[in-house]
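K.L.:
Sequence:
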Amino acid sequence: MAALIRYTLKRLLGAIPTMLVIITLSFFLLRAAPGGPFDMQRAVPPQVKLNLERMYHLNLPLWQQYLDYLGSILRGDFGPSFV
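In this text, residue positions in the sequence shown follow the numbering used here: the first is 1, and each later residue adds one.
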């Protein structure tokens with residue numbers, strides 16, 4: 001029984017770096033895509049676009065956006081659903 005618990009814990013701890021790599025890759029691949037989240041919408045005034053970027057923290061440096069994203073994931077907050 002102890003071997004099974006040890007094996008399970010080893011597998012769970014091994015999943016943490018894998019999840020971190022997946023989260024990091026998905027974050028940076030989405031940021032590397034051309035355009036922004038509000039570019040496909042109808043034309044909006046620059047002030048409205050600036051306010052939307054502030055509201056979703058897109059005006060922050062990329063490293064800070066990433067750390068905020070990781071913190072949100074650890075809290076179970078995956079952001080608003082746009083569906």
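It is possible that some hints are incorrect.
Derived CB-CB ranges, DEER-like [stated by the list, open to error]:
hint, residue 1, residue 2, range
1, Asn-59, Ser-26, 18 to 24 Å
2, Ala-43, Gln-65, 20 to 26 Å
3, Phe-27, Lys-49, 20 to 26 Å
4, Asn-51, Arg-11, 22 to 28 Å
5, Gly-14, Gly-79, 32 to 38 Å
6, Asn-59, Pro-34, 17 to 23 Å
7, Ile-23, Pro-45, 54 to 60 Å
8, Thr-8, Met-55, 26 to 32 Å
9, Leu-60, Leu-25, 17 to 23 Å
10, Leu-9, Gly-35, 49 to 55 Å
It is worth saying that the hints were derived from the structure and are not from the lab. Virtual Cβ for every residue (Gly too), placed ideally from N, Cα, C.
K.L.:
Would you mind marking each hint as holding or not holding in the structure?
P.N.:
Against the structure, the hints come out as follows:
no. : hint                        : result
1   : Asn-59 - Ser-26: 18 to 24 Å : 21 Å, holds
2   : Ala-43 - Gln-65: 20 to 26 Å : 25 Å, holds
3   : Phe-27 - Lys-49: 20 to 26 Å : 22 Å, holds
4   : Asn-51 - Arg-11: 22 to 28 Å : 46 Å, violated
5   : Gly-14 - Gly-79: 32 to 38 Å : 27 Å, violated
6   : Asn-59 - Pro-34: 17 to 23 Å : 19 Å, holds
7   : Ile-23 - Pro-45: 54 to 60 Å : 34 Å, violated
8   : Thr-8 - Met-55: 26 to 32 Å  : 42 Å, violated
9   : Leu-60 - Leu-25: 17 to 23 Å : 20 Å, holds
10  : Leu-9 - Gly-35: 49 to 55 Å  : 43 Å, violated
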